[in-house]
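Asks: Here is what each chain is made of, one letter per residue.
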Amino acid sequence: MDFLTPPTWADALAIRAERPDAVPIAGGTDVMVELNFHRRRPGVLLDLTRIGDLTTWAMDGELLRIGAGVSYTRIIEELGDRLPGLAMASRTVGSPQIRNRGTVGGNLGSASPAGDAHPPLLAAGAQVELASVRGTRLVPIDEFFTGPKRSVLAPDELIAAVWVRPADGPEQFSKIGTRNAMVIAVSSFALALHPGRREVGTGIGSAAPTPRRAAEAELYAAGQLPWDTLAGLEPDVARRFGELVAAAASPIDDVRGTAAYRRHALAVLAQRTLTWAWRDLCG
Amino acid sequence: MRVTCTVNGTPRTADDVWEGESLLYVLRERLGLPGSKNACEQGECGSCTVYLDGTAVCACLVAAGQATGRDVRTVEGLAPEGELDPVQRAFLQTGAVQCGFCTPGLIVSVHDLLARVPHPSDPEIREALAGNLCRCTGYEKIMDAVRLAASEAGTR
Chain G
29 MDFLTPPTWA DALAIRAERP DAVPIAGGTD VMVELNFHRR RPGVLLDLTR
79 IGDLTTWAMD GELLRIGAGV SYTRIIEELG DRLPGLAMAS RTVGSPQIRN
129 RGTVGGNLGS ASPAGDAHPP LLAAGAQVEL ASVRGTRLVP IDEFFTGPKR
179 SVLAPDELIA AVWVRPADGP EQFSKIGTRN AMVIAVSSFA LALHPGRREV
229 GTGIGSAAPT PRRAAEAELY AAGQLPWDTL AGLEPDVARR FGELVAAAAS
279 PIDDVRGTAA YRRHALAVLA QRTLTWAWRD LCG
Chain F
1353 MRVTCTVNGT PRTADDVWEG ESLLYVLRER LGLPGSKNAC EQGECGSCTV
1403 YLDGTAVCAC LVAAGQATGR DVRTVEGLAP EGELDPVQRA FLQTGAVQCG
1453 FCTPGLIVSV HDLLARVPHP SDPEIREALA GNLCRCTGYE KIMDAVRLAA
1503 SEAGTR
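In order, the protein sequence lines correspond to chains G and F. Just so you know, we're using my numbering here: the first sequence kicks off at 29 and counts up by one. Just so you know, we're using my numbering here: the second sequence kicks off at 1353 and counts up by one.
Isolated chain G, as found in the complex:
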């Protein structure tokens, strides 16, 4: 095995192109587990932690560009005001030690259906910046995931950044698990309200082969919420929204929970987050 530490992004892309057996490593919270348990023996470990560009974020026009190597701790501390949904989800990741190392780029790279960053990025309509020696492309996040732990990332590509518009309305995230910390989601749900354009964003986690949106639920809520009067949320609307979110999932039975429980939990999470977010909006 080789351990390669490219000092620049261009060097990293060159190695990635030349060595298809290279496994990128940043915070190591997924990759090192596979190495420690002898599940994986890559030809190359491609250490991305020396590339300064990856650990920066900045506004670019109306969008935030978050480098793939920005840790969850920094998202919580530095971007909590602009991306409250992603920050809420980040707070539920692992433990302080894990949040200090784990990155959103790594979460996307692993592409687990249970990845905590995915639902809020789906709800916010984020885009993923992929780069290779061939060039750079932006992929809408709802087209990024292709299956459990699979994505459109090509063998010669690296995840450079996530692009996302700062919240223009309330965002919420909720997650079901056996503890309040150190837990992989049994199911999770993120919601974003866009009162300016009267739209609703959603993201379902851990209840389908990939993280996914609940498109029908989004349209339903956008059409039913009393945007003009900002009146209280009708219980029937919240309940129907929950049903539509649950219907958008295709969960499985596994060690963490049954499909039936996941679907039920999702309906509850959806109702709760819509209730909280609408209350946030109405003050």
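Honestly, the hints are just simulated from the structure, not real lab data. None of these values were measured; they are calculated from a predicted model. Hints may contain errors.
To be verified - Coverage of chain G stretches by chain F, computed from C-beta distances (three or more under 8 Å per stretch; other residues unrestricted):
# : segment
1 : 30-36
2 : 53-65
3 : 121-134
4 : 208-216
5 : 297-308
Glycine residues also receive a C-beta, built at the ideal position from the N, C-alpha and C atoms.
Start from chain G and add chain F according to the hints.
Replies: Just chain F, lined up with the frame of chain G:
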């Protein structure tokens, strides 16, 4: 490969390091620093918590090569030789140690918490220690230790 980093203020070099090895293995097996404990090897238990460039991390999830040129501080380096850090003293005074296996990781995590939040609330303590498992104490004595260390740190 060769890995050179600063450990507890001293430049250290380890040779013949396997490229997929963890910082924890280097510390324990190559540099003779067994304070950081090896248990879950997946970041679940916190027994291997160390500082990497001042940030608390699980040493089992840091690739050895990622530590090259970095500053590592382990439980052995929290106080000068022959002395105890206030956090270590508080664990002894409150009986927050039973089998002792999780203690080094907890000590580093508490040290990190009190450096960031000198007077943490109970929920803040629980949140900060959520990644450190103890199977003996039931955590109550550990909570006592953190409160004591916080009060001592405030008066020293």
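Asks: Next, verify each hint and record whether it holds.
Replies: Cross-check of the supplied hints:
Only residues whose beta carbon comes within less than 8 Å of a beta carbon in chain F count, and the segment 30-36 of chain G has 3; three or more means the coverage holds. With a threshold of 8 Å between beta carbons, the proposed coverage of the segment 53-65 of chain G by chain F holds, since 10 of its residues qualify and at least three are required. Counting residues of the segment 121-134 of chain G whose C-beta sits closer than 8 Å to any C-beta of chain F gives 7, which meets the bar of three, so the coverage hint holds. Against chain F, the segment 208-216 of chain G contributes 3 residues with a C-beta closer than 8 Å to a partner C-beta. That satisfies the three-residue criterion, and the hint holds.
Taking a C-beta to C-beta cut-off of 8 Å, the segment 297-308 of chain G contributes 0 residues in contact with chain F, too few for the three needed, and the coverage statement is violated.
Hint 5 from the list above is the single one not met by this structure.
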